[in-house]
Amino acid sequence: MLNIIIVNGLERFIEGTQAVPSKFLDNEGLQLNPKFTSWERSNQLVMTWIYASLTLGMMGKIVEFNTAHEIWTSLNKTYQSPSIATMMGLKSQLQKIKKEGISISKYLSKVKELFDKFAAIGEPLSHRDKLVHTLEGLTEEYDYFVTFIHNRADRPPLEEVHSLLHTFEYRLEQRNSVQQLNFAQANLTSFQNSKKFQKSPQPNYTRPPPQSFPYM
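Under this note's numbering, the first residue of the sequence shown is numbered 108, with each subsequent residue one higher.
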């Protein structure tokens with residue numbers, strides 16, 4: 108996240124070196140200052156980037172601030188700089204992790220490893236965060252499962268979700284195996300029928316059938 112701010116040349120908004128222009132050009136407050144409008148847009152953009160890299164627990168500590176500089180200063184006071192960088196890096200990894208080409212066991216293991224890293228730096232994720240991130244990384248074939256969990260009246264424990272995911276994966280594998288078997292059988296039947304057709308005697312249309320004549 109910090110790299111994004113720097114690449115866009117907006118680091119002065121977190122450093123506090125960017126002065127806040129007057130909101131209005133006149134004393135009556137009728138004419139809005141274009142420089143303030145430009146500053147406000149950039150400030151909101153940087154704040155959005157910061158919000159996207161924080162956990163819900165961290166968000167609760169900065170909701171009262173109105174500028175990116177205030178948020179950045181508060182975070183630096185609350186956490187040591189290395190911890191902030193670590194948390195933002197972990198949040199980025201959590202947003203990118205997907206169950207693509209790996210088993211559900213491998214996927215859940217990777218997600219849990221990231222959860223444990225958050226706890227190790229003193230920022231454990233809430234149960235809600237863990238549940239949301241676990242579901243967000245699933246591939247499209249798990250859409251029905253995700254909808255099922257979201258529609259539940261309660262918020263199931265992660266252990267239950269993990270167990271249900273393993274069961275769901277098993278059923279997906281069984282269904283795919285049956286579909287592959289049916290496809291193979293259909294191809295075999297089609298092949299056998301084509302061979303039978305090739306071997307069956309074909310009528311000879313090039314020579315007229317023999318004729319019988321009455322005895323004279």
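Simulated from the structure, these hints should not be mistaken for laboratory data. Hints are supplied without guarantee of correctness; some may be wrong.
[As the list claims (entries may be wrong)] Pairs of lysine-lysine residues, derived as BS3-like cross-links and limited to a Cα-Cα distance of at most 27 angstroms, are as follows:
| # | residue 1 | residue 2 |
| --- | --- | --- |
| 1 | Lys184 | Lys205 |
| 2 | Lys206 | Lys217 |
| 3 | Lys219 | Lys206 |
| 4 | Lys237 | Lys168 |
Bear in mind the structure is a predicted one, so any value in this text is a computation, not a measurement.
Hints and how they fare:
At most 27 angstroms may separate the alpha-carbon atoms for a hinted pair to count; Lys184 and Lys205 exceed this at roughly 33 angstroms. About 10 angstroms separates the Cα atoms of Lys206 and Lys217, which keeps this hinted pair within 27 angstroms; it holds. Annotation: proposed proximity of Lys219 to Lys206 holds, straight-line Cα distance about 13 angstroms (limit 27 angstroms). Under the criterion of a C-alpha separation no larger than 27 angstroms, the hint pairing Lys237 with Lys168 is consistent with the structure, at around 20 angstroms.
Checked against the numbered hints above, the structure violates only hint 1.
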